[in-house]
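Trainee: Use these hints to put chain A onto chain S, whose structure you have.
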Amino acid sequence: MTDFPHTPPKQSWTFSNDVNAEIRRAAATGIYDIRGGGSKRRLPHFDDLLFLGASISRYPLEGYREKCATDIWLGTRFAKKPIHLDIPITIAGMSFGALSGPAKEALGRGASEAGTSTTTGDGGMTEEERGHSKTLVYQYLPSRYGMNPDDLRRADAIEVVVGQGAKPGGGGMLLGQKISDRVAMMRNLPKGIDQRSACRHPDWTGPDDLEIKILEIREITEWEKPIYVKVGGARPYYDTALAVKAGADVVVLDGMQGGTAATQDVFIENVGMPILACIPQAVKALQDLGMHRKVQLIVSGGIRTGADVAKAMALGADAVAIGTAALVALGDNDPALEAEYQKLGTTAGAYDDWHEGKDPAGITTQDPDLFKRFDPILGGRRLKNYLKVMTLEAQTIARACGKNHLHNLEPEDLCALTIESAAMAGVPLAGTSWIPGRNGGF
Amino acid sequence: MQTFDLAAQGLRALNQTLHGLNGTTNQTAWEIVNPKGSHAIAVGLDAPIDVTVKGSTGYYCAGMNKQATVRVKGSVGPGVAENMMSGTVIVDGDASQYAGATGRGGLLVIKGNAASRCGISMKGIDIVVHGNIGHMSCFMAQSGNLVVLGDAGDALGDSLYEARLFVRGSVKSLGADCIEKEMRPEHLELLADLLKRGEADHLAKPEEFKRYGSARKLYNFNVDNASAY
Numbered sequence: 001m002t003d004f005p006h007t008p009p010k011q012s013w014t015f016s017n018d019v020n021a022e023i024r025r026a027a028a029t030g031i032y033d034i035r036g037g038g039s040k041r042r043l044p045h046f047d048d049l050l051f052l053g054a055s056i057s058r059y060p061l062e063g064y065r066e067k068c069a070t071d072i073w074l075g076t077r078f079a080k081k082p083i084h085l086d087i088p089i090t091i092a093g094m095s096f097g098a099l100s101g102p103a104k105e106a107l108g109r110g111a112s113e114a115g116t117s118t119t120t121g122d123g124g125m126t127e128e129e130r131g132h133s134k135t136l137v138y139q140y141l142p143s144r145y146g147m148n149p150d151d152l153r154r155a156d157a158i159e160v161v162v163g164q165g166a167k168p169g170g171g172g173m174l175l176g177q178k179i180s181d182r183v184a185m186m187r188n189l190p191k192g193i194d195q196r197s198a199c200r201h202p203d204w205t206g207p208d209d210l211e212i213k214i215l216e217i218r219e220i221t222e223w224e225k226p227i228y229v230k231v232g233g234a235r236p237y238y239d240t241a242l243a244v245k246a247g248a249d250v251v252v253l254d255g256m257q258g259g260t261a262a263t264q265d266v267f268i269e270n271v272g273m274p275i276l277a278c279i280p281q282a283v284k285a286l287q288d289l290g291m292h293r294k295v296q297l298i299v300s301g302g303i304r305t306g307a308d309v310a311k312a313m314a315l316g317a318d319a320v321a322i323g324t325a326a327l328v329a330l331g332d333n334d335p336a337l338e339a340e341y342q343k344l345g346t347t348a349g350a351y352d353d354w355h356e357g358k359d360p361a362g363i364t365t366q367d368p369d370l371f372k373r374f375d376p377i378l379g380g381r382r383l384k385n386y387l388k389v390m391t392l393e394a395q396t397i398a399r400a401c402g403k404n405h406l407h408n409l410e411p412e413d414l415c416a417l418t419i420e421s422a423a424m425a426g427v428p429l430a431g432t433s434w435i436p437g438r439n440g441g442f
Numbered sequence: 001m002q003t004f005d006l007a008a009q010g011l012r013a014l015n016q017t018l019h020g021l022n023g024t025t026n027q028t029a030w031e032i033v034n035p036k037g038s039h040a041i042a043v044g045l046d047a048p049i050d051v052t053v054k055g056s057t058g059y060y061c062a063g064m065n066k067q068a069t070v071r072v073k074g075s076v077g078p079g080v081a082e083n084m085m086s087g088t089v090i091v092d093g094d095a096s097q098y099a100g101a102t103g104r105g106g107l108l109v110i111k112g113n114a115a116s117r118c119g120i121s122m123k124g125i126d127i128v129v130h131g132n133i134g135h136m137s138c139f140m141a142q143s144g145n146l147v148v149l150g151d152a153g154d155a156l157g158d159s160l161y162e163a164r165l166f167v168r169g170s171v172k173s174l175g176a177d178c179i180e181k182e183m184r185p186e187h188l189e190l191l192a193d194l195l196k197r198g199e200a201d202h203l204a205k206p207e208e209f210k211r212y213g214s215a216r217k218l219y220n221f222n223v224d225n226a227s228a229y
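Heads up: the sequence lines are chains S and A, in that order.
Just so we're aligned: 55 in full-length UniProt numbering is position 55 of the first sequence, and the numbers increase by one with no gaps anywhere.
Just so we're aligned: 21 in full-length UniProt numbering is position 21 of the second sequence, and the numbers increase by one with no gaps anywhere.
These are computed hints drawn from the structure, not numbers from a lab.
Keep in mind that a hint or two might mislead.
Claimed, not checked - When the alpha-carbon atoms are kept at most 25 angstroms apart in a straight line, the in silico DSS-like pairs for lysine-lysine are as follows:
| hint | chain 1 | residue 1 | chain 2 | residue 2 |
| --- | --- | --- | --- | --- |
| 1 | S | 191 | A | 181 |
| 2 | S | 40 | S | 245 |
| 3 | S | 245 | S | 81 |
| 4 | S | 358 | S | 191 |
| 5 | A | 172 | A | 210 |
| 6 | A | 205 | A | 181 |
| 7 | S | 191 | A | 217 |
| 8 | S | 294 | S | 284 |
| 9 | A | 36 | S | 245 |
Unchecked claim - To give an idea of the interface, some chain A residues facing chain S are shown, with a C-beta separation under 10 angstroms as derived from the structure:
| hint | residue |
| --- | --- |
| 10 | 11 |
| 11 | 15 |
| 12 | 19 |
| 13 | 25 |
| 14 | 29 |
| 15 | 59 |
| 16 | 66 |
| 17 | 77 |
| 18 | 94 |
| 19 | 117 |
| 20 | 123 |
| 21 | 218 |
| 22 | 220 |
Bear in mind that the values here come from a model prediction, so they are computed numbers and not experimental data.
Using N, Cα and C, we set each Cβ at its ideal position, and we do this for glycine too.
Extracted from the complex, chain S is given alone in its bound form (with noise of 0.2 angstroms):
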């Protein structure tokens, strides 16, 4: 008998053994999988633009000695008091309730360190936070939970919050594990029950609502702190065209990419856009609006390095918002946690069941026991190294650039390697002044 080859085995591309574990899994347990983070997916991102730098026909400036400034005001349009922050880096809402009390307060002191503002989250707000932050940015949110006028008169800012990247047209569950005695009281709800965040708001419905809500909110607080409007990345160009029109300071945009304390996986990752496809729309309704740079554009969703900063910037935006990597600063996902996470059946950088409250880095919990172990001035120290080098970063690019501030980065200094990235944020596919979508180029 000749010995033939054999075919060797081969997976189906389709049903994947990632595929095929989720079908047994939920044929196991008849529930949807529910986790925290963003979209896991392969997604056109910043990764896939690269900046021209100067050279004979522009000239750089000399890192290290010539000035690129990076402040941003925040809130220019209708607030009496708006916000001047030394960089243009902020810290995304993340609800105490999803974050422990120390988590909270070691993003108001890295954020306070390196002069950027901080955000509650759907949970109301601490004194952690609103202690150590120097700039703390209010969410009003659907659920209102632990909603009042004195926070509202004692925050920097306000931001209606009407969607998020991870889940646009979501709502939001906090599971009954993480509802401890002080969770519970601030939002009113009995202790242990799984907890709903609506996904819209009570007491207003459509963009003439939210006009006449902001109005509200600005009477209330004497027309003093800018009205932020954050919308998730699903309709960029006519969400921001709203928000303006119903009288935001700024307009919050989050990408597929943003996180979410807890909401079904395949909401995260099947519901919404990537961040550098939602930039050129929002800026565009700016600009179409003659509103490009006095309603402020911040975004988020997978912002990682101060290249990422500076490639946002360069497509419009007037400052950028960080999550997830805020609390990888923290601690995070880091390896040297690497044995208890695989007690809890997964590995650094892939834990994502903050839901549950086990996390081994005492961040995404509640357990005393655990968020004990995270050393708030040690986490804020490690957050604002972390925003100043990303700031370097930026500035090294923005100097290379021939900038002398972020703002002034701009689509020209960019190029796109692939021609979806060059499609999505409107940059030439590089080696060509090709914009897919639009006509001409060679």
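Mentor: Positioned in the frame of chain S, the structure of chain A alone reads:
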């Protein structure tokens, strides 16, 4: 009595003036004339003052009220007394949608009818409606009390948490996880107090009401309840 002409002096001046008052003010009685359906009238008050609005208002009248008593001699638009913390808001006429939404304390009295989503996401407020209420009222209501002397629309108390609902008339339908519950003596006592404070004790007796509350079956997710969502 201080009189404020909203049409002549404007909304900003009104709220700024009222916000400037505190517990030591002698100007405790205010009358607002010519409201003409304006939005955000008397929002964010935080003083033990008595404000009477002579006419109907738009959205969010008395929003986020603390301490103050606000009386509206007319009807109110959407979101009256939204997120109220304390104090009292009394509406002589009808209320549009979301009356008392997310309210955390105080008393809201509506002497006419309230439209849909009355008491949505309420978090401790007491609401007394002399007339009827619309559909989806007390959706996801967390705590506090709703008293309705008339009828309730569809899906009353859908996804209710710990709020207590008392309805004298008919309920068109109950929402998910909302059930009729036994009226015990402590509830009758509570109801008598709410009727009195809601200026309705001459209109109804506690014994005429039925009590509704949460079955608490949706408090923790269970796939076997998926059809309820």
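Trainee: Next, verify each hint and record whether it holds.
Mentor: Checked hints:
1. S:191 to A:181: holds (22 angstroms)
2. S:40 to S:245: With a Cα-Cα distance of about 34 angstroms, the restraint between residue 40 of chain S and residue 245 of chain S is violated, given a limit of 25 angstroms.
3. S:245 to S:81: holds (21 angstroms)
4. S:358 to S:191: With Cα atoms ~17 angstroms apart, residue 358 of chain S and residue 191 of chain S stay inside 25 angstroms; holds.
5. A:172 to A:210: holds (13 angstroms)
6. A:205 to A:181: Holds - the C-alpha atoms of residue 181 of chain A and residue 205 of chain A are around 18 angstroms apart, at most 25 angstroms.
7. S:191 to A:217: holds (15 angstroms)
8. S:294 to S:284: holds (13 angstroms)
9. A:36 to S:245: holds (24 angstroms)
10. 11: Since the shortest Cβ distance to chain S is 7 angstroms, the answer is holds.
11. 15: holds (5 angstroms)
12. 19: holds (7 angstroms)
13. 25: violated (18 angstroms)
14. 29: violated (21 angstroms)
15. 59: holds (5 angstroms)
16. 66: holds (7 angstroms)
17. 77: holds (9 angstroms)
18. 94: violated (17 angstroms)
19. 117: At about 7 angstroms, which falls below the 10 angstroms cut-off, the nearest Cβ of chain S leaves the hint on residue 117 of chain A intact, so it holds.
20. 123: Nearest chain S Cβ about 4 angstroms off; hint holds.
21. 218: Interface hint status for residue 218 of chain A: holds (8 angstroms vs cutoff 10 angstroms).
22. 220: holds (5 angstroms)
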